[in-house]
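There are 2 protein chains.
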Amino acid sequence: MDVAEEFNPVIIAGFGHFGSTLGRLLRAHDIGTTILDIDSDQVDRLRNMGFKVYYGDASRHDLLEIAGARKAKIIVVAIGDNEKRIEMVQTIKKHFPDLQILVRAANRYDAYDLMNEGMLHIYRETVDTSLRMGVDVMKMLGHRSYTSMRAARTFLKYDEQKLKDLASISDEKEYVLTARKYIEELERILKDDRSKLNASLDEGWDEGSLIREANSNSG
Amino acid sequence: MDVAEEFNPVIIAGFGHFGSTLGRLLRAHDIGTTILDIDSDQVDRLRNMGFKVYYGDASRHDLLEIAGARKAKIIVVAIGDNEKRIEMVQTIKKHFPDLQILVRAANRYDAYDLMNEGMLHIYRETVDTSLRMGVDVMKMLGHRSYTSMRAARTFLKYDEQKLKDLASISDEKEYVLTARKYIEELERILKDDRSKLNASLDEGWDEGSLIREANSNSG
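Residue numbers (our numbering), protein chains in the order written: chain A, 5 to 223; chain B, 5 to 223.
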């Protein structure tokens with residue numbers, strides 16, 4: 005690995021679509037990141053795009069050491085392979101216990117595995133986009149922009165809270181019953197919230213509605 | 005396919021993690037959805053969870069007809085297989101031209117293919133989550149919550165706008181040059197926006213910052 009002697013607060017392991025989107029946001033804020041990717045073609049492609057990407061396997065602790073894992077604050081595990089992610093997380097925990105680990109997950113089952121590895125910052129890769137799509141469906145059907153977005157936020161918050169409970173259930177029958185209970189409970193919360201909002205708000209909301217709500221509440 | 009004679013404004017094709025997250029949000033708002041999935045094990049599992057899911061291949065126009073595609077307003081193509089998605093989109097366009105199609109995409113290259121099929125509502129499945137993760141990295145490093153979230157919104161908006169331009173470029177060299185130009189332009193936009201915000205805002209922002217900004221702007 006040809007990593008220069010530099011100190012960056014963030015290491016990104018895996019620079020495909022997921023990692024590079026995140027990496028571009030950080031770069032725009034001058035947040036120093038050391039980027040590692042194991043796919044040499046991808047490394048070349050990204051260098052052509054102007055990224056400083058290093059070829060290297062972030063599940064090897066000696067390479068993480070060279071990449072500055074001892075001095076970094078945060079490592080983002082953004083690779084797409086579930087098993088390799090678990091391996092990487094185990095290596096990082098063992099050799100760099102002070103690093104904050106933020107890790108991508110494929111879905112909720114993958115998230116449970118990561119929770120059982122002690123991970124606290126888990127990001128299920130499609131959950132936000134599917135909720136945005138849901139918000140857009142709602143808007144197309146005439147629902148208000150603000151209420152739709154608020155519902156999606158409430159959804160994600162509740163769903164994330166319950167992940168931890170569900171991760172600890174090993175019996176399949178109990179899992180299904182509990183998951184079903186949470187699904188129904190979330191729907192009740194969303195319905196209650198909607199009734200309250202509908203009772204108190206005017207029609208004709210749009211993009212600027214949050215600002216206007218804030219103004220009218222304060223006035 | 006055992007779809008009852010019912011009219012629902014929304015059809016969801018594919019009810020894995022992506023489709024079911026969206027479907028749960030819609031159900032909580034009493035939006036009638038007809039759900040199709042081709043995986044019979046998944047159909048059984050979801051029925052156990054309390055979902056009304058029908059077994060059926062949504063790339064077959066006769067099955068879409070039975071599922072109510074003639075009367076529905078929106079179809080969500082939420083399956084995970086890129087090639088199958090294109091096939092499904094082509095069938096829907098041909099047989100049900102009045103249906104609004106919202107389609108999931110794996111990444112930007114997949115999105116280009118869908119654009120070239122005339123799709124207007126394309127949702128790249130990991131883009132929102134990777135941006136949320138980026139926002140959290142920024143916050144952990146001391147950036148303000150509001151400025152971080154605003155940066156992510158600006159990022160997504162700009163990136164989506166430029167997708168269409170990039171989809172039309174077939175020459176690889178030109179593609180790399182143009183993509184690189186857009187990446188740099190977006191970083192400039194984010195940096196300028198940040199400078200302006202930093203010049204005008206106090207420290208110590210948190211979750212309620214948008215509301216407070218709205219209040220102070222109006223006052």
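If you are wondering where the hints come from, they were derived from the structure by calculation, not from laboratory data.
Incorrect hints may have been included.
No copy is singled out in the list; a pair is fine if it fits within one copy or between any two copies.
[Said to hold, decoys possible] Simulated pairs of lysine to aspartate or glutamate, EDC-like, Cα-Cα distance not exceeding 20 Å:
hint, residue 1, residue 2
1, 195, 175
2, 143, 102
3, 75, 196
4, 98, 69
5, 88, 114
6, 77, 45
7, 77, 163
8, 75, 87
9, 161, 140
10, 143, 85
11, 195, 43
12, 195, 34
13, 98, 66
14, 77, 140
15, 168, 121
16, 166, 34
17, 98, 43
18, 166, 189
19, 88, 196
20, 168, 66
21, 200, 34
22, 75, 34
23, 177, 48
24, 143, 164
25, 185, 163
26, 56, 121
27, 143, 169
28, 56, 189
Problem - Violated hints - listed by number, lowest first - result: When the structure is compared with the hints, numbers 1, 3, 6, 7, 8, 10, 11, 16, 17, 19, 20, 26, 27 turn out to be violated.
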